[in-house]
Amino acid sequence: MAEAAAGQQATFATSISDLPEVGQHFLALYRSFWSLESLPAETLELCRLRLAQLLESDIAWEHEEVALTSMQRDQLRRWPDSAVFSAAQRACLELTEMHAMDARAITDEQADAVKAHYGEVGFVALVQALGVFDATIRLGLIWGLTSMEVDQ
Amino acid sequence: MANKARVHSPDSDTGNLIADSALGLVPETLQHYLDLTVAIWDKGPLAPAEIELARLRNASHVGCVMCQAVRYDVAVEDGLTEELVERINDPEGDAPLSDRQQLILRYVDLYLLAPKVPDREFQHALDELFSKQEQTHLALLMAYFNGFSRCAVSLGGMPERMPRMEISVPR
Chain A
1 MAEAAAGQQA TFATSISDLP EVGQHFLALY RSFWSLESLP AETLELCRLR
51 LAQLLESDIA WEHEEVALTS MQRDQLRRWP DSAVFSAAQR ACLELTEMHA
101 MDARAITDEQ ADAVKAHYGE VGFVALVQAL GVFDATIRLG LIWGLTSMEV
151 DQ
Chain B
153 MANKARVHSP DSDTGNLIAD SALGLVPETL QHYLDLTVAI WDKGPLAPAE
203 IELARLRNAS HVGCVMCQAV RYDVAVEDGL TEELVERIND PEGDAPLSDR
253 QQLILRYVDL YLLAPKVPDR EFQHALDELF SKQEQTHLAL LMAYFNGFSR
303 CAVSLGGMPE RMPRMEISVP R
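Respectively, the protein sequence lines represent chains A and B.
If you read the first sequence in the working numbering, its first letter stands for residue 1, the second for the next number, and so on.
If you read the second sequence in the working numbering, its first letter stands for residue 153, the second for the next number, and so on.
Rather than coming from a laboratory, the hints here were simulated on the basis of the structure.
A virtual CB, placed ideally from N, CA and C, is assigned to each residue, including glycine.
Derived CB-CB ranges, DEER-like:
hint: 1; chain 1: A; residue 1: 146; chain 2: B; residue 2: 281; range: 20 to 30 Å
hint: 2; chain 1: B; residue 1: 312; chain 2: A; residue 2: 90; range: 30 to 40 Å
hint: 3; chain 1: B; residue 1: 169; chain 2: A; residue 2: 146; range: 32 to 42 Å
hint: 4; chain 1: B; residue 1: 312; chain 2: A; residue 2: 146; range: 38 to 48 Å
hint: 5; chain 1: B; residue 1: 156; chain 2: A; residue 2: 90; range: 21 to 31 Å
Please construct the entire structure, taking both the sequences and the accompanying hints into account.
Rendered as structure tokens:
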């Protein structure tokens with residue numbers, strides 16, 4: 001990947017600059033999840049942040065794609081015991097954790113819980129989004145990014 | 153692993169296996185998936201057989217039965233053999249993979265098992281055998297195939313085993 005010059009931020013833009021014909025399509029896919037009809041962007045942001053915690057990516061955790069309440073951010077690690085998350089958000093967070101650990105271990109009940117709130121389209125959109133969010137976080141770690149902003 | 157599909161595929165018959173799969177249910181993302189799929193195979197510097205090597209190593213890690221059964225025809229035409237595929241999970245066996253092929257598998261493992269900036273020794277080895285553009289291609293194809301294979305597993309409908317199946321890049 002292209003290396004950022006000394007003092008310059010290492011971003012997705014600098015990292016894909018040798019191969020924009022591929023990289024820009026990946027970033028366009030990432031951006032497309034933030035305006036879905038089938039899933040609220042706030043719920044997706046919770047899932048993205050939970051993945052950042054699980055993958056231990058400080059840079060992804062510090063990044064804000066969608067504004068959330070400070071209570072939700074503060075209590076995300078303890079979401080099973082917290083009252084600040086809705087039933088729909090909890091269903092998505094549970095699926096997020098299973099997807100991160102081993103997608104084969106996702107149960108029909110966990111999938112049904114997401115579908116009960118967001119339908120089949122929302123469930124598909126969520127598992128798509130989790131794959132892409134996980135990928136952006138891994139790329140950030142492998143490329144040593146200093147910013148997760150995709151539009152810089 | 154769920155053998156029963158968790159969603160219905162769209163009622164479409166475009167002939168594009170991505171558009172006609174459950175991924176076709178999400179209109180906002182579909183075209184981006186299609187564009188990225190073609191770009192991964194057509195717009196990067198790595199040869200199709202090298203892309204397939206990384207894809208199959210990922211499929212093995214994720215345990216995606218369908219992904220492991222598939223062979224892309226462009227990779228087969230580029231020289232991917234079943235003997236080579238067998239060596240993906242035994243890269244240092246009796247007929248070891250080339251240094252370049254072994255580095256591809258090592259990169260896949262880094263991406264999946266411990267994502268971090270490659271250490272000095274690994275980065276030096278990559279720089280010796282891969283251009284910067286090839287390294288970027290390798291990272292992006294992993295981002296694509298890993299997300300795609302996890303998605304396929306999550307959607308259910310995965311059989312216990314599948315026969316080898318040659319397919320074309322969906323265009």
